[in-house]
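J.: We have chain A; now place chain B onto it with these hints.
There are 2 protein chains.
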Amino acid sequence: MVDAPQQKLQCPNVLDAEEFRRQGHQVIDFIADYYDRMSDYPVHPSVTPGFLRDVLPTDAPRRPGPDAFGSALQDVRDLLLPGMTHWQSPRHFAHFPASSSTVGALGEALIAGINVVPFTWAASPAATELEMVVVDWLGKALHLPESLLFAGGGGGTFLGTTCEAILCALVSARDQKLAEIGGNRIGDLVVYCSDQTHFSFRKAARIAGIQRDHCREVQTYHGDMFALSPTELQAAMQADVDAGLVPLFLCATVGTTQTTAVDPVGELCAVAASHGVWVHVDAAYAGSALVCPEFRHVIDGMESVDSFSMNPHKWLLANNDCCAMWVKKPCALVAALGTEQEYILKDAAAEGHGVVDYKDWTITLTRRFRALKIWLVLRCYGVDGLRDHIRSHLRMAEAFEGMVRADARFEVVTERHFALVCFRLRSPEKLGGEKTANQLNRRLLEEVNAATSGPYMSSANVGGIYMLRCAIGSTLTEERHVNDAWKVVQDRASAILRKMEIIYSVLG
Amino acid sequence: MVDAPQQKLQCPNVLDAEEFRRQGHQVIDFIADYYDRMSDYPVHPSVTPGFLRDVLPTDAPRRPGPDAFGSALQDVRDLLLPGMTHWQSPRHFAHFPASSSTVGALGEALIAGINVVPFTWAASPAATELEMVVVDWLGKALHLPESLLFAGGGGGTFLGTTCEAILCALVSARDQKLAEIGGNRIGDLVVYCSDQTHFSFRKAARIAGIQRDHCREVQTYHGDMFALSPTELQAAMQADVDAGLVPLFLCATVGTTQTTAVDPVGELCAVAASHGVWVHVDAAYAGSALVCPEFRHVIDGMESVDSFSMNPHKWLLANNDCCAMWVKKPCALVAALGTEQEYILKDAAAEGHGVVDYKDWTITLTRRFRALKIWLVLRCYGVDGLRDHIRSHLRMAEAFEGMVRADARFEVVTERHFALVCFRLRSPEKLGGEKTANQLNRRLLEEVNAATSGPYMSSANVGGIYMLRCAIGSTLTEERHVNDAWKVVQDRASAILRKMEIIYSVLG
Numbered sequence: 001m002v003d004a005p006q007q008k009l010q011c012p013n014v015l016d017a018e019e020f021r022r023q024g025h026q027v028i029d030f031i032a033d034y035y036d037r038m039s040d041y042p043v044h045p046s047v048t049p050g051f052l053r054d055v056l057p058t059d060a061p062r063r064p065g066p067d068a069f070g071s072a073l074q075d076v077r078d079l080l081l082p083g084m085t086h087w088q089s090p091r092h093f094a095h096f097p098a099s100s101s102t103v104g105a106l107g108e109a110l111i112a113g114i115n116v117v118p119f120t121w122a123a124s125p126a127a128t129e130l131e132m133v134v135v136d137w138l139g140k141a142l143h144l145p146e147s148l149l150f151a152g153g154g155g156g157t158f159l160g161t162t163c164e165a166i167l168c169a170l171v172s173a174r175d176q177k178l179a180e181i182g183g184n185r186i187g188d189l190v191v192y193c194s195d196q197t198h199f200s201f202r203k204a205a206r207i208a209g210i211q212r213d214h215c216r217e218v219q220t221y222h223g224d225m226f227a228l229s230p231t232e233l234q235a236a237m238q239a240d241v242d243a244g245l246v247p248l249f250l251c252a253t254v255g256t257t258q259t260t261a262v263d264p265v266g267e268l269c270a271v272a273a274s275h276g277v278w279v280h281v282d283a284a285y286a287g288s289a290l291v292c293p294e295f296r297h298v299i300d301g302m303e304s305v306d307s308f309s310m311n312p313h314k315w316l317l318a319n320n321d322c323c324a325m326w327v328k329k330p331c332a333l334v335a336a337l338g339t340e341q342e343y344i345l346k347d348a349a350a351e352g353h354g355v356v357d358y359k360d361w362t363i364t365l366t367r368r369f370r371a372l373k374i375w376l377v378l379r380c381y382g383v384d385g386l387r388d389h390i391r392s393h394l395r396m397a398e399a400f401e402g403m404v405r406a407d408a409r410f411e412v413v414t415e416r417h418f419a420l421v422c423f424r425l426r427s428p429e430k431l432g433g434e435k436t437a438n439q440l441n442r443r444l445l446e447e448v449n450a451a452t453s454g455p456y457m458s459s460a461n462v463g464g465i466y467m468l469r470c471a472i473g474s475t476l477t478e479e480r481h482v483n484d485a486w487k488v489v490q491d492r493a494s495a496i497l498r499k500m501e502i503i504y505s506v507l508g
Numbered sequence: 001m002v003d004a005p006q007q008k009l010q011c012p013n014v015l016d017a018e019e020f021r022r023q024g025h026q027v028i029d030f031i032a033d034y035y036d037r038m039s040d041y042p043v044h045p046s047v048t049p050g051f052l053r054d055v056l057p058t059d060a061p062r063r064p065g066p067d068a069f070g071s072a073l074q075d076v077r078d079l080l081l082p083g084m085t086h087w088q089s090p091r092h093f094a095h096f097p098a099s100s101s102t103v104g105a106l107g108e109a110l111i112a113g114i115n116v117v118p119f120t121w122a123a124s125p126a127a128t129e130l131e132m133v134v135v136d137w138l139g140k141a142l143h144l145p146e147s148l149l150f151a152g153g154g155g156g157t158f159l160g161t162t163c164e165a166i167l168c169a170l171v172s173a174r175d176q177k178l179a180e181i182g183g184n185r186i187g188d189l190v191v192y193c194s195d196q197t198h199f200s201f202r203k204a205a206r207i208a209g210i211q212r213d214h215c216r217e218v219q220t221y222h223g224d225m226f227a228l229s230p231t232e233l234q235a236a237m238q239a240d241v242d243a244g245l246v247p248l249f250l251c252a253t254v255g256t257t258q259t260t261a262v263d264p265v266g267e268l269c270a271v272a273a274s275h276g277v278w279v280h281v282d283a284a285y286a287g288s289a290l291v292c293p294e295f296r297h298v299i300d301g302m303e304s305v306d307s308f309s310m311n312p313h314k315w316l317l318a319n320n321d322c323c324a325m326w327v328k329k330p331c332a333l334v335a336a337l338g339t340e341q342e343y344i345l346k347d348a349a350a351e352g353h354g355v356v357d358y359k360d361w362t363i364t365l366t367r368r369f370r371a372l373k374i375w376l377v378l379r380c381y382g383v384d385g386l387r388d389h390i391r392s393h394l395r396m397a398e399a400f401e402g403m404v405r406a407d408a409r410f411e412v413v414t415e416r417h418f419a420l421v422c423f424r425l426r427s428p429e430k431l432g433g434e435k436t437a438n439q440l441n442r443r444l445l446e447e448v449n450a451a452t453s454g455p456y457m458s459s460a461n462v463g464g465i466y467m468l469r470c471a472i473g474s475t476l477t478e479e480r481h482v483n484d485a486w487k488v489v490q491d492r493a494s495a496i497l498r499k500m501e502i503i504y505s506v507l508g
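Heads up: the protein sequence lines correspond to chains A and B, in order.
Its first residue numbered 1, the first sequence is counted upward by one per residue in full-length UniProt numbering.
Its first residue numbered 1, the second sequence is counted upward by one per residue in full-length UniProt numbering.
This is chain A alone, in the form it adopts within the complex:
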């Protein structure tokens, strides 16, 4: 069948231990050098679309030259890194952090090196068992209720992202509900969130076949600090019931993306329960803070939720990617996502031995051994170490907030719950006051981010108010970076106000 040039049977050297050692040490030094030089890079490159595509060849090489690996690393340094947004920069304050640690990064290296595929227990027994142990370790460290842990009859797993977690939970809830009301009523199902809920949820709802106009985004208000109101939720659910529709699923958020608003989980669960609605809590960012006991209050009432997810890759030193998901009833996941035939076998095995086949818990069958990374992070930093890490960012955020409050030209727009500060420049009356405030702050953000060695921040636009977001959470961020960031904001604000005053005085 194969008509190829004659060669010896095996391919040379592509997984040779000595070659791995040689190239591996190169890569380690490369990454360490990158961390060393991190401060030299502008956080965000000033490049235009096409800058890289236009210079790369249009085809892969046929036969690489000698030291192709060294020359590729050189291209990473010279071509790619200058065009990256450096999420590990101590001056990266945009979005949410992509939390890195030496152990998290090396955990990934170890996972890739060992390269097993633990889709069933048998496909790599130690990997499945470690996952079951570590997901309980993490759940306990985060003060989750026992009902979500294997130890309490629930259970968890490690996925890639929150969107996957929500989709798994939603599909489980959907199939459970359709089994009750009839498989042909998918068009009657309605899902709920707030207007602050991350787009992941609407994406998951669409993927799961929920009608696009059956996703209720309950409006939130500045007065409630943009938290989802149980009263409004109840009204929305009742209206749907009255219209003959079927409330299915609520996605509550602890720490929304725009302003880290905290939905009142306990009260929302009570509303949901009265309508037989599955409650998922998305704590993608803020979940990491639950490692500190002083945050336990934000998950009051969590005993009633059906599923919970958070991303250790966001703020728990676990490097991209890792989302942890826990559910109260793993059997609902398996019923929705399991392989039919093996489902029966698996249950029997689980009854006897208490192990799971994770392929039946998630969207994907192939999966990475993410538990190894989380285990290493917990082993090497310990629960106390993770608390120190979170608290150091909280203190820096508190300090930043204090500086904003101390400058009367600025205001902190929403209450700070975690390590995100949402603030804006007040627009002076003589420059148009509230009418020009959004425009003024857009310009401020642009100029702050344009400063080559300055901070990189992002924005929120909530309830009509445009604000700057300073999310402190990069592992390399120190007090001085926060102080410098604030100085850049002040300087740019002064310059903008000065310019605008001149323009206004000339015009007016």
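Because the hints were derived from the structure by calculation, they are not lab data.
None of these values were measured; they are calculated from a predicted model.
Don't take every hint at face value.
Below, a list of computed lysine to aspartate or glutamate pairs in the DMTMM-like style, where the Cα atoms sit at most 25 Å apart [as the list claims (entries may be wrong)]:
1. A/Lys140 <-> B/Asp59
2. B/Lys329 <-> A/Asp54
3. A/Lys435 <-> A/Glu447
T.: Positioned in the frame of chain A, the structure of chain B alone reads:
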């Protein structure tokens, strides 16, 4: 808000360059030593459920001791590795390979070290642009039609797994169809595959809200080598149309999981086209072989498919995880999976500059910089190197097949297309003949896999025939491992036949 013990603002050392260097070199040596010692491990551990859970502590440590990292690595060596299935073992012939290379593994290390989150172009411009370039490089290397490449108006991306790829394609097709026929007709949609199609597809269909009984698994036959018959597909689609249902989606497979059957893509596309059906081709395993021009014929007619996916992590040296997906009309993906508001912005940007925001192409928003790994693999091994790699496995599979054929006690059950050999022991007439063949081969597989330093194989059960699967594709596999594996199979077969003859002679 935070009432924590007083400490300095930043957390010590968790992303310190020197610490990374020290621990990183340890990890590299650890992995290299693992590769060196790979042959010493039994491929599959003889452990029982609970073996690891029972010995691990029930809680994460509070404050780790000195050299926690070194001691964790020791536990990986002493506790975890002995309980793993060693997918990189040269004697791993089960499932499909989880293809490793030094460059693939180190690519993952580099991705984790740099740790950017390229969900939009702006979130890391070089990452998005590299992905666009490399996905075209790979598509060209695999001889895909231009219609699927960015260069030809299509485009591709790197995901985690095939299930994600199929789900993205299916949701795009579904929403496109519902826009035509009415959003409330999801219950009328029908999807098609063969009884050999991987479970991923049924899983994706369930997730997407297709009714469970609307997934047609067209029966295949030994006479067709278990390929999907266009005639039977046409009959199935016509029956659904006649019943007032709406054919939506066909998942064809190039290289099925059980026996690497190849569905006739071109003819199937013609049938699908007549019903307005989206065609996805899943070449998860065999797609890697397309790098060799001698396999171009298996994708004859590919110009008509709407989407195509394959897993470089299976057989293209790319380490877990990476699935490459290409689509003919990226706009269908964006319409189904994009963020509403930004959708408009994105389109404008794309028109002007030809870049994409990959968050709108996939299920997940957070994503890893997988393109870096594929770029390194293509850069360092080159297209010719990848051909050598694939052909070396093909030659070994050919040799194994020859050995099976040379022993009259055995038979090769299905035609070998790639590097999987499906074979079984014939059951002698005096031992019950065909009636006992499945049982005999089950026992043979058990005994082969029980040999401590023997090969690890898996099984297929197709058309009522149970067979052993010998999938050659581990990077470390050499001719001698294949020869040794065959000797173990022969020895075990001889022993089983001898024992059974004694039993039969005593009984009879």
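J.: Decide, hint by hint, whether the structure agrees.
T.: Hints and how they fare:
1. Of the supplied pair hints, the one linking A/Lys140 and B/Asp59 holds, its CA atoms being roughly 7 Å apart against a limit of 25 Å.
2. A hinted pair counts as satisfied when its Cα atoms are at most 25 Å apart, and B/Lys329 with A/Asp54 qualifies at roughly 23 Å.
3. In summary, the hint linking A/Lys435 to A/Glu447 is supported, as the alpha carbons are separated by about 20 Å, within the 25 Å threshold.
In the structure shown, no violation is registered for any of the earlier numbered hints.
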